[in-house]
Amino acid sequence: MSALKLLVYGLLSEQSALLAIFGPQPDWQRVLLFLTGHLIASALFSLLTTISFPTCYDINRKGLSGLFFCFNFFVPGFGAMGTLLILLYFRKFMTSGERAEFSNVPLPPFRSESSALGAGMGEGGAWSRLRTVGLPREQRLKALLSVGAGGGGNASRLLQHATGDSDDEIRLLAFNLCERQEQKIQQAISTALEALKTADSPTLKASVCRNLAFSYWEMVYSALAQDDLRNFFVEQAAKYAEQSRKYGGEDPSLHILMTRIYLQKRDYAMAEAAIQSALAAGADPLKVVPYQAELAFNARDFKTVHRLMMQDATIRFRPCIGQVAQFWGAR
Amino acid sequence: MSSGKLPKAAQVDVMLLLEGTFPYVSGGVSSWVNQIIRGFPELDFGAVFIGSKAGEYGEIKYELPPNLKHLQVHYLHDEHTTPPVEPCKGDKAGFEILQRLHGWFANPHPDGLPAELKQASFYLHNKGGVDYAQFLYADRSWEYICSLYTQRCKDPSFVDYFWTVRNMHSPIWQLAAIAGSLIPARAYHTVSTGYAGFLGGLLHHHTGRPLLLSEHGIYTKERRIDIFNNEWIQDNRNALQRDLTEISYFRDLWIRFFETLGRFCYDAAGQIVSLYDGVRQRQISDGALPEKISVVPNGIDVARFAPLRSTRPAETPKVLALLGRVVPIKDIKTYIRAVRILVSHIPDLEGWVVGPDGEDPEYAAECRALAQSLEIADRVRFTGFMNPVDLFPRIGLLVLSSISEGLPLVALEGFAAGVPLVSTDVGSCRQLVEGVGDEDRALGVAGGIVPINNPQAIAGICRLLLQDQEAWNKASQAGINRVETLYTQQQMFARYRALYQEALR
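Heads up: the sequence lines are chains V and X, in that order.
Residues 1 to 331 (this note's numbering) are what the first sequence spells out, left to right.
Residues 1 to 505 (this note's numbering) are what the second sequence spells out, left to right.
It should be emphasised that the hints constitute simulated quantities derived from the structure, not laboratory data.
Just so you know, nobody snuck in bad clues.
To be clear about the criterion: a stretch of chain X counts as covered by chain V if any three or more of its residues have a C-beta under 8 angstroms from a C-beta of chain V, and this derived list gives those stretches:
| # | stretch |
| --- | --- |
| 1 | 245-251 |
| 2 | 340-354 |
| 3 | 359-373 |
| 4 | 451-461 |
Every residue, glycine too, gets a C-beta built ideally from N, C-alpha and C.
So that you can see chain V by itself, here it is in the shape it has in the complex (with noise of 0.2 angstroms):
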């Protein structure tokens, strides 16, 4: 039964509940009517809140079913909008622990070398302590919980870096941290092959295609493949992302994504074609920037690099690419 059924059939049972109060029987025939109503609208709003309790709660549904059946009983009419008060709170508030759509990864909280060891460090503090075998464990245990507190490539590879360690606790401990940033994603990707099988919309298809594009990139982008597992993830984004678009999923970012691809495929014919693409379809000229100069570096065409990094004076100020355009806006 879907949950609106459940809903209008709770609602009607609550309402002819109410309506027995006011009716002509005696007073026990109407207490019974009432009690009967009220029993079956209850039943079917702690039905009705349990189906749509987010299942990413590992709770016991039975207990909860139980525990929404007492409020809506024993509380009439306030116990059932505290329920789903509590199934709105539920639902729209308490989903942090869900994962976002890949769009790019955090950068690592401490970019920056810090001489504070104790109130965290950079990349090349971690670096430089994780390599210091030399250095007490409790030293580079921060270093690594610090690393693994952020993302990223960079992350990943220090993480990776680390599960070599001579020390078993520091390498357990990195891989542990670098298992749970691949699990996250590997999970997406299950469920989204899953959601590919009973797809039978194009507009779904692309939809679970595009996800499954985003998702393999996103591990080759987070550096948590390397070598042949690298090509494979990049090869699969390729294949989900033109799937995508055979199914009429065309947007901006898929063929952003589409550029980035193959410029690590080196197939640059088609990087340039991509990023066309992405300008037709109404793509921002300056998330496509790096893509153009990157292209043009790899045709050793510095000029063109210098015009594409100085078209724009924002783009001096933007992460990451900022200092890349100052580099070369200094030359």
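Given the coordinates of chain V, work out where chain X should sit on it, guided by the hints.
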């Protein structure tokens, strides 16, 4: 065998203290325990199995050896029979001793724990000690927890602190109750520190009989890693209070708790056995006295596996096998990724995962999903348990991608059957594959060693060995030579016979 038919005896020669292993969990340590009991038929063994919750374990996984005369089972998080709530003040002397204990936690000194705390009776009597009811309900207990929270706790949540302290310490009273009621034994033998080791320490002090500790991995280290990665341990500090380079207070508390249990066991044990030198070094750094420690490697019944060498096909099968439970510590995922890489180069290759997958169904499902997402679901077979005797002739290489190992018996069994090993550089695996010392190294390299979490490296060595018959033959012979020379069951039993004789005097 169902749990209702457990053997019972009035007394035994050796009481084994087993946490989460034999006979309810299959695996390397459990097989070793089974092997040891059967290896000494002249001794009567007893065993205390300590588990977390009954629901997490199925039926007994082994046929119980005839000389296992006594088996009792305790679940620390199930049989929690709390005493009836009765307000009480609490024994002043007992709580003063507890305060000294916490002083010792903060500043351990060489004399070890206060003597009173080593006795099980301290935890069982309400005069001069602190029994379970006092721990739970006494005014002094509440006041003491409150004062420790104020003085030491860096986490703002008192509720979490209170329940962490309760949950953490409750097993101590249960273990003390076990120690107070266990049948007599001439010696106690624990195969880990942790709760089993703490029980061993209590039993040693309670009865005066010797305690032997055989540590296959480092329990404290493994708990530490678990605690680092557990999601259920809360950190209630806000963004301004939190330091990303520090673990949360409660994680630290749990780690210190297990370290203390470990030190208590090392202190009580008369003899400590390590499987290889790496464990010995770690035990010393964790507080064990070097003069107590001896290294006794695992050994196997080579004659059982040697005939398999002649049953192998002439050409090496393009089959890899990972023998082990499907659990995160075996890092099955890295193995599956390595199979993905290999399939691109050797299209008819198969990767088998041979072992039970019921222990962590969620992880097993993730592994299957990974194989699917890598498009090798038809190349990776989850076979469940297989008899090694049937398995070894059908595979080309044994692979261990574990993130932690001791001295894996499957590697030795594979060597005896002529199967080389590709393993991560954990535990004593490098020693098994490459040898240690000139004489051992001269036996050859019995496969390959790779860093953990590196599927490319696993695939590289597997590819080399599977595509080069001469290299495979050399590795196979090196494995055979090594196991026949250094890792036989007879050698291991001889060492343990001497240890038992010393303990049973």
